[in-house]
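All chains, please: the whole structure from these sequences, using the hints.
2 protein chains.
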Amino acid sequence: MERSIEKVNLAEALSRFDEHWRPKIVGELNDFFVKVVKLKGEFIWHQHENEDELFLVVSGRLLIKLRDRDLWLEPGEFVIIPRGVEHMPVAEDEVHIVLIEPKSTVNTGAMASERTVPAEWL
Amino acid sequence: MERSIEKVNLAEALSRFDEHWRPKIVGELNDFFVKVVKLKGEFIWHQHENEDELFLVVSGRLLIKLRDRDLWLEPGEFVIIPRGVEHMPVAEDEVHIVLIEPKSTVNTGAMASERTVPAEWL
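So the sequence lines, in the order shown, correspond to chains R and X. Going by the working numbering, the residue at position 107 of the first sequence is 107; the numbering climbs one at a time, nothing skipped. Going by the working numbering, the residue at position 79 of the second sequence is 79; the numbering climbs one at a time, nothing skipped.
Don't read these hints as lab results, they were simulated from the structure. Mixed in with the good hints there might be a few duds.
The list treats identical chains as interchangeable, and a pair is accepted whether it falls inside one copy or across any two copies.
Once the Cα atoms are required to be at most 30 Å apart in a straight line, the calculated BS3-like pairs of lysine-lysine come out as [stated by the list, open to error]:
(1) Lys-24 - Lys-103
(2) Lys-24 - Lys-65
(3) Lys-24 - Lys-40
(4) Lys-7 - Lys-65
(5) Lys-65 - Lys-103
(6) Lys-65 - Lys-40
(7) Lys-40 - Lys-7
Computed from a prediction, not measured in an experiment: that's the story for all the values here.
Structure (structure tokens):
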């Protein structure tokens, strides 16, 4: 599908929905999607077998738990979790982030659960 | 090469160099690089044959000229320029951005010139 060239304002995109843990696609480039998502509370431990995953914080303070340490991200900070690395995002208060990851990425990785949702265009 | 999992603060990364139009790699995920770059002045008209390119503005105001219109980006806004689409970034005042693009991307696309530079890790 041909999409027109339109800019995306991250804050405006994030203002258009309220649900937590439901990534919304806001762009695609080659085999990658750009998503925005609101987080609140704990997610589940999971890993992606083949996909590296970039988390960029737009607002709030995000904890990404790794098996050997805690990683805290503030607005304007990102981290890339390599494929195969178990992680659990935790948002004590609401956090708004950008996810950049291969189109094949499932939100819960190899851990299908009631938290698994398909990504959909905003 | 195995890289350790370290977060990147975009403002801090951008404070570590001064040159314009010399993208610095600050992360890799699958076949993509994340780069930061400072822009000032006009670049050249070019297109990428196979790579879509994401421009996210961190600070300043970026003009991306397309053949049929001008696109202005403010901080917190991004646009994806699809492969094959001619574009010319213009920064009247200094602009700091994040670029996300396939590892194969050359900064000047199909237009090799004296503005062509290899991307290097920060």
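Evaluation of the provided hints:
no.: 1; hint: Lys-24 - Lys-103; verdict: both (12 Å within a copy, 25 Å between copies)
no.: 2; hint: Lys-24 - Lys-65; verdict: both (23 Å within a copy, 28 Å between copies)
no.: 3; hint: Lys-24 - Lys-40; verdict: within (15 Å within a copy, 33 Å between copies)
no.: 4; hint: Lys-7 - Lys-65; verdict: between (32 Å within a copy, 13 Å between copies)
no.: 5; hint: Lys-65 - Lys-103; verdict: both (24 Å within a copy, 28 Å between copies)
no.: 6; hint: Lys-65 - Lys-40; verdict: within (14 Å within a copy, 39 Å between copies)
no.: 7; hint: Lys-40 - Lys-7; verdict: both (27 Å within a copy, 21 Å between copies)
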